[in-house]
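First to last, the protein sequences are chains A and B.
Reminder that position 59 of the first sequence reads as 59 in our numbering, one-by-one numbering, no gaps.
Reminder that position 41 of the second sequence reads as 41 in our numbering, one-by-one numbering, no gaps.
Calculated directly from the structure, the hints in this document are not laboratory data.
Be careful, since some hints might not be right.
[Stated by the list, open to error] Computed spacing ranges between beta-carbons, pair by pair:
| no. | chain 1 | residue 1 | chain 2 | residue 2 | range |
| --- | --- | --- | --- | --- | --- |
| 1 | B | Ser75 | A | Thr70 | 45 to 51 Å |
| 2 | B | Leu109 | A | Glu60 | 19 to 25 Å |
| 3 | B | Ile91 | A | Ala88 | 21 to 27 Å |
| 4 | B | Gln78 | A | Arg13 | 52 to 58 Å |
[To be verified] Below, simulated DSS-like cross-link-like pairs (lysine-lysine); rule was C-alpha separation at most 27 Å, straight line:
| no. | chain 1 | residue 1 | chain 2 | residue 2 |
| --- | --- | --- | --- | --- |
| 5 | B | Lys26 | B | Lys118 |
| 6 | A | Lys48 | B | Lys118 |
| 7 | B | Lys26 | A | Lys48 |
| 8 | B | Lys52 | B | Lys118 |
| 9 | A | Lys29 | A | Lys48 |
Remember, predicted model here, so these are calculated numbers, not experimental data.
Note that CB positions come from ideal geometry on N, CA and C, so glycine has one too.
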Amino acid sequence: MLISNMEVVPGKRITRHLGMVQGSTVRAKHAGRDLMASFKNVFGGELKGYTELLSESRDEALERLQQQATALGANAVVNVRFSTSSIAAGASEIFVYGTAVIVEDR
Amino acid sequence: MGFLVFLTLLILGYLFGRLAESRHYKSIIEREDALRSLPLVPIRIPPPELMKHESQLVTGSVVISVDYFKTVAASLRQLIGGRVGAYETLIDRARREALLRMQEEANALGADAVYNIKYETSRIGDNAGKGLGSVEVLAYGTALIPSASK
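Here chain A stands alone, though its shape is the one from the complex:
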């Protein structure tokens, strides 16, 4: 599956639009990580645990987006956008959306 955040696909022609597809996931980190994070708030620096967590959730959201696109019979998703929101103290939502299309070689 071709995933791109541009509205055109180089070397290919979009033959059909199949509508919007989306994927989202809400994740929380465990208490230990939260504790480590509050220590880090004193010393500063990168929170590697959170970075990993968020990139895992992003992969998961993209996975769901692809499943939806496959179900529609698409072979590409274009104009993909990411969005993040913290819905509660310890949890954040990752949302990804795009347009499912069928592309052909030019």
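Here the structure of chain A is known, so what remains is to put chain B in place on it, guided by the hints.
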């Protein structure tokens, strides 16, 4: 006693925070120099000469925490207003780090350029309400990889 704890945290935050920041900036500048040859362009549609390339989504993200000193410095600054230098460097580091990670991913794929770059910023953590807490930056774009067949 309370004041002593505050002072200790302040000093620890200042020392470790400064150390982390100068190390991080050093590494950012080194890696930026090393990857200078891979152009990152926030233009929506690539020029015709890149129109034969394969495209693939690349992302880079980072979560960076404030230190105690920055939190205190920023809350003092909020009394008089003006530029909050403590947070400016924090966000700057996060943005550049996220972009670098994206660039590294594109470089590993053998891309010629990355087009249509977008940023996404959010705050996370418990004290997101009180201060800045931690800031997450995601950079993403489309890597254009020369196709082997053509």
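Verification of the hints:
For Ser75(B) and Thr70(A), the Cβ-Cβ distance of about 50 Å falls inside the hinted range of 45 to 51 Å, so the restraint holds. Checked against the hint of 19 to 25 Å, the pair Leu109(B) and Glu60(A) passes, with Cβ atoms roughly 21 Å apart. Taking the beta carbon of each, Ile91(B) and Ala88(A) are about 24 Å apart, inside 21 to 27 Å as hinted. The given range of 52 to 58 Å is respected by Gln78(B) and Arg13(A), whose C-beta atoms sit roughly 54 Å from each other.
Using a Cα cut-off of 27 Å, the hinted pair Lys26(B) and Lys118(B) holds, with the two alpha carbons roughly 25 Å apart. As the CA atoms of Lys48(A) and Lys118(B) are separated by approximately 22 Å, the hinted pair is consistent with the 27 Å bound. Between Lys26(B) and Lys48(A), the direct Cα distance comes to roughly 19 Å. Compliance with the 27 Å bound is thereby established for this hinted pair. Between the alpha carbons of Lys52(B) and Lys118(B) the distance comes to roughly 23 Å, so the proposed pair stays at or under 27 Å and holds.
Taking the CA atoms of Lys29(A) and Lys48(A), the gap is about 12 Å. The hint holds against a cut of 27 Å.
Violated hints are absent here; each numbered hint is respected by the structure.
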